[in-house]
Amino acid sequence: MTDVSTSRIRNFCIIAHIDHGKSTLADRLLQVTGTVQQRQMKEQFLDSMDLERERGITIKLQAARMNYKAEDGEEYVLNLIDTPGHVDFSYEVSRSLIACEGALLVVDASQGVEAQTLANVYLALENDLEIIPVLNKIDLPGAEPEKVIAEVEEIIGLDCSGAILASAKEGIGIDEILESIVHLVPPPRDTIEEPLRALIFDSYYDPYRGVIIYFRVMDGKVKKGDRIRLMVSEKEYEIDELGILSPGQIPVDELHAGEVGYIAAAIKAVADARVGDTITLASDRAEEPLPGYAEAKPMVFCGLFPIDSAQYEELRDALQKLQLSDAALQYEPETSSAMGFGFRCGFLGLLHMEIVQERLEREYNLDLITTAPSVVYRVTTNSGESYEIDNPSQLVSPDKREKLEEPYIHLEIITPEEYVGTLMDLCQTSRGIFKDMRYFASKRTTLIYDMPLAEVVTDFFDRMKSRSRGYASMEYHLTGYRENKLVRLDILVNGDPVDSLATIVHKDKAYPMGRALTEKLKELIPRHQFKIPLQAAIGSKVIASEQIPALRKDVLAKCYGGDISRKKKLLQKQAKGKKRMKSIGTVDVPQEAFMAVLKLQQ
Amino acid sequence: MLETEILRTTKIVESDRDTPRSAYVHIPFCRRRCYYCDFPVSVVGDRRNGTNFSAITEYVDILCQEIAITPQSHETLKTIFFGGGTPSLLSVPQLEQILATLNQYYGIASDAEISMEVDPGTFNREQIQGYRDLGVNRFSLGVQAFQDELLQRCGRSHSVKDIFTAIDLLRQIGVNNLSLDLISGLPEQTLAQWQFSLNSACDLSPEHLSCYDLVLEPVTAFGKQFQPGESPLPSDENAAQMYRMAEKTLTENGLEHYEISNYGRSGYQCRHNRIYWENRPYYGFGMGAASYWQNWRFTRPRTRREYYTWVENGAKIDASELSARDILLETLMLGLRLADGVKLEQFSPEVRRQIAIAIAPYSQKDWLVVLDSQNQSLPLPNQSTFSNNKILKLTDPEGFLFSNTVLTALFKQFDVDN
Numbered sequence: 000m001t002d003v004s005t006s007r008i009r010n011f012c013i014i015a016h017i018d019h020g021k022s023t024l025a026d027r028l029l030q031v032t033g034t035v036q037q038r039q040m041k042e043q044f045l046d047s048m049d050l051e052r053e054r055g056i057t058i059k060l061q062a063a064r065m066n067y068k069a070e071d072g073e074e075y076v077l078n079l080i081d082t083p084g085h086v087d088f089s090y091e092v093s094r095s096l097i098a099c100e101g102a103l104l105v106v107d108a109s110q111g112v113e114a115q116t117l118a119n120v121y122l123a124l125e126n127d128l129e130i131i132p133v134l135n136k137i138d139l140p141g142a143e144p145e146k147v148i149a150e151v152e153e154i155i156g157l158d159c160s161g162a163i164l165a166s167a168k169e170g171i172g173i174d175e176i177l178e179s180i181v182h183l184v185p186p187p188r189d190t191i192e193e194p195l196r197a198l199i200f201d202s203y204y205d206p207y208r209g210v211i212i213y214f215r216v217m218d219g220k221v222k223k224g225d226r227i228r229l230m231v232s233e234k235e236y237e238i239d240e241l242g243i244l245s246p247g248q249i250p251v252d253e254l255h256a257g258e259v260g261y262i263a264a265a266i267k268a269v270a271d272a273r274v275g276d277t278i279t280l281a282s283d284r285a286e287e288p289l290p291g292y293a294e295a296k297p298m299v300f301c302g303l304f305p306i307d308s309a310q311y312e313e314l315r316d317a318l319q320k321l322q323l324s325d326a327a328l329q330y331e332p333e334t335s336s337a338m339g340f341g342f343r344c345g346f347l348g349l350l351h352m353e354i355v356q357e358r359l360e361r362e363y364n365l366d367l368i369t370t371a372p373s374v375v376y377r378v379t380t381n382s383g384e385s386y387e388i389d390n391p392s393q394l395v396s397p398d399k400r401e402k403l404e405e406p407y408i409h410l411e412i413i414t415p416e417e418y419v420g421t422l423m424d425l426c427q428t429s430r431g432i433f434k435d436m437r438y439f440a441s442k443r444t445t446l447i448y449d450m451p452l453a454e455v456v457t458d459f460f461d462r463m464k465s466r467s468r469g470y471a472s473m474e475y476h477l478t479g480y481r482e483n484k485l486v487r488l489d490i491l492v493n494g495d496p497v498d499s500l501a502t503i504v505h506k507d508k509a510y511p512m513g514r515a516l517t518e519k520l521k522e523l524i525p526r527h528q529f530k531i532p533l534q535a536a537i538g539s540k541v542i543a544s545e546q547i548p549a550l551r552k553d554v555l556a557k558c559y560g561g562d563i564s565r566k567k568k569l570l571q572k573q574a575k576g577k578k579r580m581k582s583i584g585t586v587d588v589p590q591e592a593f594m595a596v597l598k599l600q601q
Numbered sequence: 000m001l002e003t004e005i006l007r008t009t010k011i012v013e014s015d016r017d018t019p020r021s022a023y024v025h026i027p028f029c030r031r032r033c034y035y036c037d038f039p040v041s042v043v044g045d046r047r048n049g050t051n052f053s054a055i056t057e058y059v060d061i062l063c064q065e066i067a068i069t070p071q072s073h074e075t076l077k078t079i080f081f082g083g084g085t086p087s088l089l090s091v092p093q094l095e096q097i098l099a100t101l102n103q104y105y106g107i108a109s110d111a112e113i114s115m116e117v118d119p120g121t122f123n124r125e126q127i128q129g130y131r132d133l134g135v136n137r138f139s140l141g142v143q144a145f146q147d148e149l150l151q152r153c154g155r156s157h158s159v160k161d162i163f164t165a166i167d168l169l170r171q172i173g174v175n176n177l178s179l180d181l182i183s184g185l186p187e188q189t190l191a192q193w194q195f196s197l198n199s200a201c202d203l204s205p206e207h208l209s210c211y212d213l214v215l216e217p218v219t220a221f222g223k224q225f226q227p228g229e230s231p232l233p234s235d236e237n238a239a240q241m242y243r244m245a246e247k248t249l250t251e252n253g254l255e256h257y258e259i260s261n262y263g264r265s266g267y268q269c270r271h272n273r274i275y276w277e278n279r280p281y282y283g284f285g286m287g288a289a290s291y292w293q294n295w296r297f298t299r300p301r302t303r304r305e306y307y308t309w310v311e312n313g314a315k316i317d318a319s320e321l322s323a324r325d326i327l328l329e330t331l332m333l334g335l336r337l338a339d340g341v342k343l344e345q346f347s348p349e350v351r352r353q354i355a356i357a358i359a360p361y362s363q364k365d366w367l368v369v370l371d372s373q374n375q376s377l378p379l380p381n382q383s384t385f386s387n388n389k390i391l392k393l394t395d396p397e398g399f400l401f402s403n404t405v406l407t408a409l410f411k412q413f414d415v416d417n
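Sequences listed follow chains A and B, in order.
Going by numbering that gives the first Met the number 0, 548 is the number at position 549 of the first sequence; the sequence numbering is gapless.
Going by numbering that gives the first Met the number 0, 406 is the number at position 407 of the second sequence; the sequence numbering is gapless.
I should point out that these hints are in silico values taken from the structure, not numbers from a laboratory.
Values in this document were obtained by computation on a predicted structure and should not be read as measured data.
All residues carry an ideal CB built from backbone N, CA and C; glycine is no exception.
There is no bait here: all hints are sound.
In the BS3-like style, the derived pairs of lysine-lysine whose C-alpha atoms are separated by at most 25 Å in a straight line are: (1) 464(A) x 442(A); (2) 392(B) x 567(A); (3) 577(A) x 411(B); (4) 364(B) x 577(A); (5) 399(A) x 508(A); (6) 392(B) x 557(A); (7) 315(B) x 566(A); (8) 567(A) x 315(B); (9) 223(B) x 519(A); (10) 389(B) x 364(B); (11) 342(B) x 566(A); (12) 223(B) x 566(A); (13) 598(A) x 575(A); (14) 364(B) x 247(B); (15) 411(B) x 530(A); (16) 77(B) x 557(A); (17) 572(A) x 521(A); (18) 521(A) x 575(A); (19) 566(A) x 364(B); (20) 575(A) x 519(A); (21) 598(A) x 484(A).
Have a look at the derived ranges for each label pair, beta carbon to beta carbon: (22) 388(B) x 527(A): 26 to 36 Å; (23) 421(A) x 230(B): 32 to 42 Å; (24) 322(B) x 174(A): 54 to 64 Å; (25) 253(A) x 322(B): 51 to 61 Å.
One side of the interface only, derived from the structure: several residues of chain B facing chain A at Cβ under 8 Å: (26) 214; (27) 236; (28) 242; (29) 281; (30) 296; (31) 298; (32) 328; (33) 333; (34) 401; (35) 404.
Using the sequences provided together with the hints, build the complete structure.
In structure tokens, the structure reads:
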């Protein structure tokens with residue numbers, strides 16, 4: 000099975016926007032090549048995390064090896080390397096792209112190109128991948144393949160004369176896709192005789208076998224029992240198990256240049272075998288690692304606190320375990336005067352943050368308070384000292400700092416023309432600086448803005464979607480830091496500042512924000528036996544205030560005709576709600592209040 | 000907390016294996032639906048009652064069928080409660096049919112309390128005389144307010160004058176166990192109006208009074224129009240004040256405040272309702288009626304059609320069995336409604352300890368007291384306070400006013416996840 004010449008290997012990935020049918024197409028390819036039998040098929044085979052299947056997105060990428068007998072009578076090995084479909088994971092996408100020689104560009108024939116797809120196509124072009132355009136969902140009544148083809152040609156500049164019209168759902172165009180992969184995607188270079196260099200494009204943590212590395216052999220060969228060296232982490236391991244993914248793991252004895260597989264080598268944490276690292280042999284080392292390695296740098300930080308402080312140790316253990324399988328997750332202890340002991344955690348983006356939070360609550364059964372996400376600010380003090388902060392409460396007072404800088408992104412939005420006005424308005428209110436606007440013949444437009452990352456790390460995405468009725472898509476990447484007039488907006492509950500409610504905002508937005516935030520908190524915090532003043536303040540200056548009136552009675556007068564079930568349900572619901580609250584001083588604050596800052600706009 | 004630990008509170012579990020000696024019978028018919036009401040009710044209009052409306056005849060037949068096919072015990076009934084709806088829309092022969100059926104299958108004790116809810120303007124002398132002759136010995140009159148504008152405001156189908164006529168009639172016939180219902184917290188109701196209603200009620204010397212603070216149920220006309228504590232409803236502050244006014248006025252007039260919303264002269268507490276609050280078993284018959292027996296709580300279908308189908312299919316009690324935890328929570332939730340409170344001896348030491356932890360945050364509030372066997376109040380919070388032979392109760396009126404807060408804390412303490 001492993002003895003296949005590099006000339007008959009094809010490595011490819013699928014670039015597609017969420018919902019454009021990547022997973023369905025992958026399933027179909029596995030089925031048509033007989034890799035997965037019909038009866039074993041569960042929907043969307045490659046998305047193996049429950050969370051992924053629930054959300055219909057791919058978070059963790061995987062791979063599958065297929066044997067395909069082409070029309071020329073030859074047997075080929077096709078390796079599909081799946082890519083995650085979210086902006087938070089663009090580094091992982093770039094690593095899986097360079098493991099391939101070709102890519103299927105899947106575009107929904109009724110929707111057109113989306114921003115994230117575009118970003119990934121550019122990445123693929125930069126890495127010299129052969130791109131095969133596939134128009135999916137042509138069976139749908141709204142499909143306009145001609146229009147979408149024109150758009151792909153216009154936006155990407157890609158020759159679409161050979162574009163394949165397909166419907167993964169109906170099985171249309173699948174054979175043509177397989178043939179195109181064989182004939183258009185170049186075979187890997189035959190570098191079997193060179194020293195081993197294999198690229199890690201994914202890994203996961205298995206509690207019994209340690210880290211399982213997914214890799215593509217770029218040069219040389221690797222055998223079971225080999226002692227390998229990871230060139231960036233400089234760690235060495237002996238291979239316990241080597242194999243291919245089909246898509247289940249099948250052990251083999253050897254893999255050589257061009258092939259894709261997995262390794263188990265009793266590696267303790269994914270941080271020791273990071274995506275992008277190069278595997279070589281300890282005895283016969285390659286001279287240079289493969290280019291392009293980068294360490295995932297968290298862009299978004301938040302505090303995670305157990306509602307019940309007794310769960311602190313459990314939370315620490317859970318984070319430790321999660322980090323074994325998620326090298327991008329960072330955490331360090333945080334002590335908050337309001338919330339007690341918890342952790343400051345760093346994430347690649349909001350989705351990554353949500354996933355971690357949900358896994359902690361679901362898989363580890365923890366009740367958590369998440370504070371509003373913050374970006375990393377750069378502070379320069381009067382003495383000229385410069386440092387980064389990821390927590391608004393760390394910001395020194397204005398008289399002690401010379402400047403405060405925040406990260407900016409390059410943002411691209413692709414939208415149907417009719418939403419340009421409302422989206423420009425959204426970008427404007429989000430402190431965006433207009434850069435460019437491009438129209439396409441297909442009546443769609445690209446908007447390009449420079450924007451503070453902090454504005455995107457809110458409900459920006461949801462607002463963009465709702466303003467465009469779901470039609471607009473976006474992509475962004477970090478460009479650098481800029482100085483701005485930023486202030487820290489403090490929130491006082493019952494007269495005491497609550498550090499976990501503090502945010503850094505632009506000075507011009509502080510007043511409306513303070514008003515909106517105190518109003519929202521008034522809605523979210525339940526009444527207590529006493530009046531609770533809520534204030535928003537910049538330094539010692541109060542800029543907005545509200546008051547939660549005292550609870551004067553809390554009694555259910557009637558329990559009619561012996562039917563007590565409803566009253567009991569009500570009390571149970573209240574008890575559950577109370578369990579999800581954090582006591583700050585004498586005030587019980589529900590979980591949602593700490594995220595209120597994200598929900599102010601509607 | 001573990002189920003097994005709660006299970007060691009054997010006494011409360013055993014008490015629920017008792018045989019019911021009480022029956023609730025639901026008569027769903029009403030002339031109109033009041034704006035605050037979300038009970039299972041069938042509206043029949045102003046000119047119909049049991050003698051001329053075949054729907055009531057049909058209902059009574061099916062109700063009797065349910066009574067007949069429900070598994071019976073050999074214990075006679077000591078309390079029966081006809082609630083509604085408006086039970087006084089029943090004709091005397093219809094009531095006779097129901098009581099005869101109950102007597103045939105269960106037997107009715109000679110000293111049984113038989114209560115009936117009646118509404119002003121729905122009955123005449125002969126009817127009440129007839130009910131009395133059949134054994135009804137306690138009448139509960141739906142008064143609600145002594146202001147015509149307030150009665151209209153909540154959709155009642157009677158006037159203040161009808162109230163006085165009804166009471167005169169009941170007293171003339173010799174009814175000596177009469178209860179009146181009042182509602183506080185109605186839209187546009189003032190503190191002065193409420194005081195007037197309380198005084199007017201006391202002038203009529205009822206043996207029993209129920210004062211309900213308006214509950215806004217989401218599916219009612221009021222629930223759709225108003226927000227709690229906001230105009231035209233009285234502020235929470237005023238609604239709480241009304242509760243305190245009731246407590247003060249009624250106790251000064253010799254009525255004992257024995258349950259959150261109920262007052263009675265000595266010897267006139269409602270025996271039937273006490274069964275609920277003491278968490279003891281009872282039968283329930285009729286559309287929407289709830290029953291509790293052998294750790295099963297069951298509420299019958301809430302529309303007539305569904306109820307009829309259910310009876311035709313054998314009146315099967317389809318409920319999940321209550322756990323020891325459920326019984327514990329229900330015992331607390333119901334028992335703390337009573338001025339007598341709950342007896343701590345029925346709980347295991349661990350359960351008592353958990354109760355002490357749950358209520359500790361309220362020890363400075365003057366909401367709760369623990370009494371020893373000599374009825375001496377003991378200081379809170381002190382876990383040794385929670386040994387045997389003690390009683391835990393809410394204070395009147397402040398503890399009662401915040402009973403939900405205390406109960407929520409207890410529910411949280413005994414939540415499944417803890």
